[in-house]
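Fit chain R with the ligands to the given chain P structure using the hints.
Respectively, the protein sequence lines represent chains P and R.
Here the first sequence is numbered in the numbering used here, starting from 406 and rising by one per residue.
Here the second sequence is numbered in the numbering used here, starting from 4 and rising by one per residue.
Derived from the structure by calculation, the hints contain no laboratory data.
Please read all numbers here as calculations on a predicted model, not as lab measurements.
Glycine included, C-beta positions come from ideal geometry on N, C-alpha and C.
Among the clues, some could well be false.
In silico DSSO-like cross-links for lysine-lysine, where the CA-CA straight-line distance does not exceed 30 Å [what the hints assert, rightly or not]: (1) R/LYS123 - P/LYS616; (2) R/LYS21 - R/LYS57; (3) R/LYS162 - P/LYS519; (4) R/LYS195 - R/LYS116; (5) R/LYS21 - P/LYS522; (6) P/LYS519 - R/LYS193; (7) R/LYS162 - P/LYS522; (8) P/LYS519 - R/LYS77.
Covered stretches of chain P, as calculated for chain R (at least 3 residues, CB under 8 Å) [said to hold, decoys possible]: (9) 495 to 509; (10) 525 to 532.
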Amino acid sequence: MWWLEPLAVALGLSAFGIYSFWAALQGDHYAWGPYLSPFYSPELFGNSSHALFGPPPSWWPAAFSMFGVELHIPFSPAFLILWAPLGFRGTCYYYRKAYYRSFFQNPTACAVGKPWKSYCGETAFPLILQNIHRYFLYVAIVFIAFLTYDGLKAFTREGPKDYVAGLGSVVLLLNAFFLAMYTFGCHSLRHLVGGHLDSFSDSASSCTRHKIWSGVTCLNERHMMWAWISLFWVGFSDVYVRLVSMGRIADLRIF
Amino acid sequence: MAETREFQVFRGDRSGGKMETYPVEVTPGMVVLDAMHRIQATAAPDMAVRWNCKAAKCGSCSAEVNGKPKLMCKTRLDALPADRPVEVRPLRTFPLIRDLVTDVSWNYEVNKKIPPFTPKPGAVWRWKQEDVDRVQEFRKCIECFLCQTVCHVLRDHQKQPVFNGPRFFVRLASLEMHPMDGLDRLEQIKEKSGLGYCNITKCCTEVCPEDIRITDNAIIPLKERVVDRFYDPIRVLFRKIFGSASLTKPE
Ligand code: SF4
Ligand code: SF4
Ligand code: FES
Ligand code: FES
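Here chain P stands alone, though its shape is the one from the complex (with noise of 0.2 Å):
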């Protein structure tokens, strides 16, 4: 039953990738209200209410040619920002054990056989390219900073004093927690927080240093679980907020 765990794996991100892809392209039903989904935030140009920057860009191109055959991709917010989450989560230390296992058989599981018969591993180009994952870090940390808002924001209606609370606030503020667990237990950011030290104990910074790098240690242990839970509840999210706009669902009304 070794095949058992990188299938589920590979049926777990192709079915993830799928869906988002999809979702990504629609570029409409992606807010309700105070409700953002976060495959758009932050939405930095578009047509709801959450736009940063106004509405879509002028210089989006009417088709784009490749190959000889003219593409109309409509524009989406989603195309503006999903790299980073995809580059974050492309170059996480577990998802690439994830996908080396389940996708590019190096290998399948352990002690078992592989089809490969060359290998150099993360020595050279393109693989070399996963050392760059803090950056996306940092990009991601202000992701967070952005779904927080989102999800503190989903609590209200008229204003910031007009509080209600909806089934989708919970979602989306559940979604940034999960997605905060996540981030805060990157293995890059327990380095650079603390790791990259050889002594804990040396200054009162280096003191303070040990506290965070033991805290993000405690978050890195479960980072596999909070990795999924938070792909989970992404597209959870995206599928309540866009069920709630196409109008196939009530939003269940809390207080």
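Just chain R with the ligands, lined up with the frame of chain P:
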């Protein structure tokens, strides 16, 4: 009445060999090494098995039980499926000597290439617990080389000439993170140890009988230190402008 279970054990040497079947009378609490001893005592006195402590502390009795690298003295029979014979093979990654015994001396050669602990001049020999904790995990290694045998870089790609393997990343981490070690080891770690060949797929962590979190606590932190020095574009640029001493740890 005592239960009898079937064991299939590899018998042979470098010139060839095959799996031999032995029925063994088993008693509750028995481990695979006990069964090997019973085979030696009853059916095959010439069967070669290496062991020492029978307490999972010497690292001698490593073998592949039902295809998984394990310490024979720590693998209880009641944890293995009862409906099929127990298969015991020698470690696949190392040259066979005979039966279940392999030649693991390559590991000792690798070890010799790692510069030993070299105290900083004027080091203060006083430790705080938080510094002890981190490197102490690495000291638990019993050199069973299960991680080495399972690592696909060695097992399937025979990168021995350029890749030290997880056991030695643990050792390198214990030295690189040591508060009193004065050597700059990052150049060696990047260029000589072959750290970049590791694709962090964690099989080493899965098999370590000492539960050392090899990938999370040794390999990935080393990879991050290598990134600091060699791959982080902003740090590399800073170092170019302000000299090699900036943004590296003080010697
Ligand atoms: S994590 Fe790296 S060192 Fe450990 S088994 Fe996998 S490739 Fe080998
Ligand atoms: S790190 Fe663990 S698996 Fe590897 S040699 Fe040491 S004890 Fe054995
Ligand atoms: S290691 Fe997973 S997010 Fe950085
Ligand atoms: S006999 Fe010592 S570890 Fe098994």
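A quick look at each hint next to the structure:
| no. | hint | result |
| --- | --- | --- |
| 1 | R/LYS123 - P/LYS616 | holds (26 Å) |
| 2 | R/LYS21 - R/LYS57 | holds (26 Å) |
| 3 | R/LYS162 - P/LYS519 | holds (15 Å) |
| 4 | R/LYS195 - R/LYS116 | holds (9 Å) |
| 5 | R/LYS21 - P/LYS522 | holds (26 Å) |
| 6 | P/LYS519 - R/LYS193 | holds (26 Å) |
| 7 | R/LYS162 - P/LYS522 | holds (12 Å) |
| 8 | P/LYS519 - R/LYS77 | holds (28 Å) |
| 9 | 495 to 509 | holds (count 5) |
| 10 | 525 to 532 | holds (count 5) |
Violation of the numbered hints given earlier is absent; every hint is satisfied by the structure.
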